[in-house]
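Chains A and B, in that order, are what the protein sequence lines are.
Mapped onto our numbering, the consecutive letters of the first sequence carry residue numbers 183 to 412.
Mapped onto our numbering, the consecutive letters of the second sequence carry residue numbers 666 to 873.
Just so you know, not all the hints are guaranteed correct.
Think about it this way: if two alpha-carbon atoms lie no more than 27 Å apart in a straight line, the pair counts; the simulated BS3-like pairs of lysine-lysine are [claimed, not checked]:
#1 B/Lys865 <-> A/Lys348
#2 B/Lys798 <-> B/Lys746
#3 B/Lys798 <-> A/Lys410
#4 A/Lys261 <-> A/Lys398
By construction, these hints were calculated from the structure, which means they are not laboratory data.
Being a predicted model, the structure only gives us computed values, none of them experimental.
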Amino acid sequence: MNATEVPVGHQFDPYSNNGGTILAISSKDFCVIASDTRQSEGYSIQTRYAPKCHKLTDKVVMAVNGFAADGNMLVRTVKQRLEWYQHTHNSLPSLASIARMVQTILYGKRFFPYYSYVILGGIDRDGTGGVYSFDPVGSYERESCRSAGAAQSLIQPFLDALVMGKNQSDPSLVVKNGERANLPLERVLAIVTDAFTGATERHIEVGDGLEIYVVKTDGVEVIRKELKRD
Amino acid sequence: MSIMELNGGSCVAMVGKNCVAIACDLRLGNQALTVATNFSKVFPVTPSTLVGLPGLATDTMTVWEKLRFRTNMYEMKENRKISPQTLAHLVSSTLYEKRFGPYFVEPVIAGLDNSGVPFIASTDLIGCINFAKDFVVSGTASEKLFGMAESLWEPDLAPEELFETISQTLLNAVDRDAFSGWGAIVWVVEMDGSEGKVTKRWLRGRMD
Numbered sequence: 183m184n185a186t187e188v189p190v191g192h193q194f195d196p197y198s199n200n201g202g203t204i205l206a207i208s209s210k211d212f213c214v215i216a217s218d219t220r221q222s223e224g225y226s227i228q229t230r231y232a233p234k235c236h237k238l239t240d241k242v243v244m245a246v247n248g249f250a251a252d253g254n255m256l257v258r259t260v261k262q263r264l265e266w267y268q269h270t271h272n273s274l275p276s277l278a279s280i281a282r283m284v285q286t287i288l289y290g291k292r293f294f295p296y297y298s299y300v301i302l303g304g305i306d307r308d309g310t311g312g313v314y315s316f317d318p319v320g321s322y323e324r325e326s327c328r329s330a331g332a333a334q335s336l337i338q339p340f341l342d343a344l345v346m347g348k349n350q351s352d353p354s355l356v357v358k359n360g361e362r363a364n365l366p367l368e369r370v371l372a373i374v375t376d377a378f379t380g381a382t383e384r385h386i387e388v389g390d391g392l393e394i395y396v397v398k399t400d401g402v403e404v405i406r407k408e409l410k411r412d
Numbered sequence: 666m667s668i669m670e671l672n673g674g675s676c677v678a679m680v681g682k683n684c685v686a687i688a689c690d691l692r693l694g695n696q697a698l699t700v701a702t703n704f705s706k707v708f709p710v711t712p713s714t715l716v717g718l719p720g721l722a723t724d725t726m727t728v729w730e731k732l733r734f735r736t737n738m739y740e741m742k743e744n745r746k747i748s749p750q751t752l753a754h755l756v757s758s759t760l761y762e763k764r765f766g767p768y769f770v771e772p773v774i775a776g777l778d779n780s781g782v783p784f785i786a787s788t789d790l791i792g793c794i795n796f797a798k799d800f801v802v803s804g805t806a807s808e809k810l811f812g813m814a815e816s817l818w819e820p821d822l823a824p825e826e827l828f829e830t831i832s833q834t835l836l837n838a839v840d841r842d843a844f845s846g847w848g849a850i851v852w853v854v855e856m857d858g859s860e861g862k863v864t865k866r867w868l869r870g871r872m873d
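Next up, chain B with everything else stripped away, as it sits in the complex (with noise of 0.2 Å):
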């Protein structure tokens, strides 16, 4: 058995016309036993950007924790907000630093940036960037989540589209996932004038 696949779960971010979306279930479990069903892995950073953390769930709050002190440090040098590329590039090096004890989780990263130009990205657990134009996957659930976003996802989504497209892939790939599930979060990230406009809704899925 995996470390990866201990507490289970996973995430999933797409990009839209204008917006990104971001997804998780809420199940945190000791291998087969369920043990939470509130444990999100998404994180907000910035108003206009989220990442997602699936795997182990200890790292999941450590490298939570590490990366919002190094945003908010980064804020206070820098007196703007973090962009959601260099928010990438920060996860990658966060892992990077335990390349040989890392950290077991593997991110994704959804948000707009200032202009509201779409991005997403995944890294690996020990922070190879994949900057993907479509959508990212990861967790317990990624093959069956990489089959649900190959079929159903198209470009240029609306944000009311991509809440559906990506709320559809997360539901059926969790739905034959033992280790994921238990509900689901899914943000969608759109400009609101200048500012980003985050939209959290809870999606009823199979309980079990």
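The shape of chain A in the complex, shown without the other chains (with noise of 0.2 Å):
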């Protein structure tokens, strides 16, 4: 809001920001990626159903946030990659293994990168879940609990503190440094749903509709809710 961070001139902007917000958490046998459906561009809607979440395999959700255009086009590029993977290997790639290509995808973009915050949420091959989380040139972690986009400030601290059990003095809930959480699917679904129309309250950009992915061992599962549409 001040004065000096003003950009001076005109220039044609490739980029543009068309908001919603995503989330994923994993669990000792599941995993659950969430986003919101509306996408906008500054104060107008541009659609009220626009998912961000893509099923990749059985076991691998790819969620994309930001730029829709290149998340979208992000998308289908790793959809391909995955069909030729599986005409020369005669199999799908493991999540982990997802994860490690599209930092190689991302990286590829390096000096024109895809305007784009990706979470992988799944299964792994030992059958436990897993979260990736990426930065638009491909920098990414394997973590237990990852929001990202447009309400991810006021989602994350949420996170921290019903998932990790941060600043909470019950032994039963606090998750130790580089461990992951282990909470049961109806409790994580709630914070889901909670984290969501909260957002959905304080953050013009999220609402409208709210799409839950779960992903267990036998295979992936969705669950759709309404979000408020103001």
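Two chains, two frames, some hints: make the complex.
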């Protein structure tokens, strides 16, 4: 809001911000990946249903957020690379392998990046849930819990408290460094829903609908919920 | 870099059942350098009202001194303590006086009026009042505080529950903000008969 921060001059800006928020929470034997379905530009809503979560395999779901055009093209590229992998290897890659591949795809455009914040969620080769989060040029890390997008600053501290047990004294809730949270599915779904309803209240770019992908060892299930449309 | 982000710091206030709570962090910085870890941004105005002044630290101190002067004069002239609603308007007019060269603070106000009814409010740096019924947030961690408070707050919390709620709201929000933290203080105001009773507690949080 400072006058010194206003850009001067005009040039074609290849990027745009389409708002929205994504998050993923993993547990011992499942992973939940969720996104709101609103796509906006500034104060306008472009569409109330543009899902940001995409199923890649029976064990992996990819969520993209930021510039929708880049996010959608990135998903198409990743899906195409998975098709080629399947043709050459006659199987599908694991979550960790797909994560590494996403890094190379993102870094491939290091000097004209995909303006996309990617979160990969799913079940890894050993049957445990995992979340991988990326920056737009491919830096990534495995975590148990991550939110990204417009309401990241609203949602992430809430996840720190309820999923990782931060600033709590109850030892059964606290997750130690390097370990993964181990919550039951109903609790995780309640946390996801509350995170999004809270974000919808206080952030104009979040709302309309919520799509939750639950990835378990036996497959992927989708839960759709309504969010406030104002 | 914005002027509001030079020193860092955040405040939050919440309404409970016949009580209010207000809390702030303790950090004072010069951009990335932390200069003090005992800089409270909340000041008592009456035995049952407090005001938080996060923002540029020099303006925190100056606006507090102006407010202290004005509320002391009010008490002398009116022979009564200022009510929280009137204090909110006083803060608003003090800030709007400087409309074209403002004080860089975004205050939050919390208190109980004479009959024990809870009141909270916040203003922007030029005095626009937000009469919230649930909670108000301000400072460098305001977005994080919005997210935490929106999920954790519920109506009619008893004083002990309100303390836990506002503490978790503040602690988890400032832990995600590089410019806020280094300790926190929470004030809970309830009615003790006809007098305000303020309980002040220091919180142990991440010291980074």
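Evaluated hints:
1. B/Lys865 <-> A/Lys348: holds, 23 Å
2. B/Lys798 <-> B/Lys746: Holds: lysine 798 of chain B and lysine 746 of chain B sit about 23 Å apart, inside 27 Å.
3. B/Lys798 <-> A/Lys410: holds, 20 Å
4. A/Lys261 <-> A/Lys398: holds, 20 Å
The structure agrees with every numbered hint stated previously.
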